[in-house]
Amino acid sequence: MSRLSDWHIMGALALTGIAGPLLFPAFAAQFAFLWLMVTFALTWDILGGRMGYNSFGNIVFFGIGCYAAAVIQRDMGLPYFEGLALGLAAGVVLAVLAAVLLGSALLGIRGHYFAIATLGLAVASGEIAAGWRYVGAGSGMALPLYPGALGERELFFTWSLLAVAALCFLFCRFLYSTRFGLALNAIRDDHDKADAMGLRTTPIKIFAWCVSAFFLALSGGLAANMIGFIDPRDVAFAGATFGVWMVLMAILGGKGTLWGPVLGAIVFHITQEIFWTYLLGWQRVALGALIVVIVVFFPQGIMGWWAEWRARREAA
Amino acid sequence: MSALLEVRNVTKRFGGVVANSNISLRVEKGEIAGLIGPNGSGKSTLFGCIAGAHAVDEGEVFFEGAPIKHLRTAPIARLGLVRTYQQTRIYGAMSCMENMAISAREAQGGLLSLLRPVPPATSRRAEDLLAFVGLHEKREEKAARLSFGQQKLLEFAMALMNEPKLLLLDEPTAGINPTLINGLIDRLRRANSELGVTLLVIEHNMRVIMNLAQRITCLAHGQVLAEGTPDDVRDDARVLDAYLGVA
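So the sequence lines, in the order shown, correspond to chains G and C. Residue numbers are given in the numbering used here: position 53 of the first sequence equals residue 133, and the series is strictly consecutive. Residue numbers are given in the numbering used here: position 58 of the second sequence equals residue 848, and the series is strictly consecutive.
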């Protein structure tokens, strides 16, 4: 994809994101969740696609973002927007701190073992939150009400989640154009070789996870406010849904590519909504079948499949 | 000439197996040194001990006079001591140019210095070195699509991109088409004379190592069997024994 068409697609998506909820107010929440999914897929791909570290624990940073915002907004007695801003900032700081600490402990583990360790992390976080009275334990936390008019609330959250997704995309795009992006790929392709060539692999890996944590915590604080209520296992640390979807969307679109996660998130979200609408009662089964189809028939994802198809056509 | 690398009484055990036993070895600055020995004699293990891949059990390794035994691979590489692998290791899903760019010495810097695009000067050097090993036409190919011999050449070029003071090469000619071997010997010599890289080379091809190295050390059963000029080593009865068995 050339530079020019890159910007065209970004512009078209931004325009859709801004104008969409205005033209179709009934779909505003759908748009908001779409941008949330895009952020999920993009942040997962930094480690999973670019660096070869399949994490099932990224949801932890999202959950930290949710809870940090909720606690600050509950306890600080600030007006809504000030509380939200401070809550988001606190969430980001805590999540990045968690990424540094967890990264130092876990990023030395390779391959499947890392995936399993992070899976445990995600499950444990949900259980801890569900048992901790200070954050509402199993009954979760309610967020304060948005002060503005009803329609305005939806617009505020879809646009702010759009902004987070767009920032995340632009930052990833920048990151992958630098030597840092190459270093991530080098770690993915041969970690020992990267060490032997003198790359500072540990700080590189930790920084990559911090970038994921940063954007996930931002989107977590906003999503918690949009949903209005956080359940420890079903919203904040929803490993079985959000946590798995992150991986699926990146794989569906094509991991390790810039546009793959975006495309994967869009296709996944639309498909999922169609299942909910037309296959109610069977939507989970259909989703499961979709997952199998993705993994079996599109292991390279849509972008990978497309690149192969183009290469074949050029060769012919 | 002063010793660039000094291995002093190094012993390395894997469980009950003594892979390196009391090995001492010097590599002088600017020379091409050879390391030979039958399969399983401990050559690659010694490379691992020098380059920080294995923890040395006894003895010490000095690089430019400073002990490096306690360091791991990456900091040793940053000092300017780089190794290549017998089983070629390249970044398969990246293009040759990307392989080269991330092997540049600047890529060893901190995070901030990594958050910049590859500078044009680095790309030019990468192209020059790829041309030097004869892979310029393949520069945009994915490294995994190269043949084994080409991957060996790419790995050699990546090592040069790193601007090492000392390069440990583990069987650089294994798997390379015999007609290309002369060209490779020539390139190794030029890397030594023009780029000023000191070389320590493991090699099974006797014709290659006898032509290339100024001094050769022969290992057998994890111990130093003989060392000296290629002629000395070739005529050493113990070396013939180790390779061919008792006559």
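No lab work stands behind these hints, which were simulated from the structure alone. Quick caveat, the model's predicted, so the values are computed rather than measured. A virtual CB, placed ideally from N, CA and C, is assigned to each residue, including glycine. Mixed in with the good hints, there may be bad ones.
[Claimed, not checked] Quick list of simulated restraints, FRET-style, between CB atoms:
no., chain 1, residue 1, chain 2, residue 2, range
1, C, His926, G, Val347, 50 to 58 Å
2, G, Ile89, C, Gly855, 54 to 62 Å
3, C, Glu927, G, Ser257, 20 to 28 Å
4, G, Phe251, C, Gly855, 39 to 47 Å
Here's how the hints hold up against the structure:
1. C:His926 to G:Val347: 50 to 58 Å: Since His926 (chain C) and Val347 (chain G) have Cβ atoms about 40 Å apart, the given range 50 to 58 Å is violated.
2. G:Ile89 to C:Gly855: 54 to 62 Å: holds (57 Å)
3. C:Glu927 to G:Ser257: 20 to 28 Å: This hint holds: roughly 25 Å between Cβ atoms.
4. G:Phe251 to C:Gly855: 39 to 47 Å: Holds, at about 45 Å.
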